[in-house]
Amino acid sequence: IYEEFAIEIVKASLSSILIVLIIIYYVQCLILTRKRNGERKLLYKKSSIDPKLVFNIDFISLC
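Mapping of the sequence shown onto the working numbering: residues 60 to 122, in sequence order.
FYI, nobody ran anything at the bench for these hints, they're computed from the structure. Computed from a prediction, not measured in an experiment: that's the story for all the values here. A portion of the hints provided could be inaccurate.
[Said to hold, decoys possible] Restraint-style ranges between C-beta atoms, simulated for each label pair:
| hint | residue 1 | residue 2 | range |
| --- | --- | --- | --- |
| 1 | S74 | K94 | 44 to 52 Å |
| 2 | I66 | V86 | 41 to 49 Å |
| 3 | A65 | R93 | 40 to 48 Å |
| 4 | Y61 | T92 | 44 to 52 Å |
| 5 | Y61 | I90 | 41 to 49 Å |
| 6 | E62 | I90 | 27 to 35 Å |
| 7 | R93 | L73 | 41 to 49 Å |
| 8 | R93 | A71 | 28 to 36 Å |
| 9 | K94 | E62 | 26 to 34 Å |
From the three backbone atoms N, C-alpha and C, an ideal C-beta is built for every residue, glycine too.
Could you put the whole structure together from the sequences, leaning on the hints where they help?
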């Protein structure tokens, strides 16, 4: 009985850790892209590159 209970606890904790890691990763991506937004505006002024293209490349390299 105890072994089954322990296995359930381990499963639950592993899944919750995974969810937390995914949330942290997603939040970091959002923060990084927001920080980059300021830098990107400067890039647009300096170059005539399509903004959407720059954003896509940036986001892919970040995440």
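Status of each hint after checking the structure:
Between S74 and K94 the Cβ separation comes to about 31 Å, which falls outside the hinted range of 44 to 52 Å. A hinted range of 41 to 49 Å for the beta carbons of I66 and V86 is inconsistent with their spacing of about 31 Å. Taken as a hint, the range 40 to 48 Å holds for the pair A65 and R93, whose Cβ atoms sit roughly 42 Å apart. The given range of 44 to 52 Å is respected by Y61 and T92, whose C-beta atoms sit roughly 47 Å from each other.
Y61 and I90 have their C-beta atoms about 43 Å apart, which keeps the hinted 41 to 49 Å range intact. Here the CB-CB span from E62 to I90 is close to 42 Å, at odds with the stated 27 to 35 Å. A hinted range of 41 to 49 Å for the beta carbons of R93 and L73 is inconsistent with their spacing of about 31 Å. In this structure the supplied range 28 to 36 Å holds for R93 paired with A71, their Cβ-Cβ distance being about 33 Å.
Between K94 and E62 the beta carbon distance is about 48 Å. The supplied range of 26 to 34 Å is therefore violated.
Of the numbered hints listed earlier, those contradicted by the structure are 1, 2, 6, 7 and 9.
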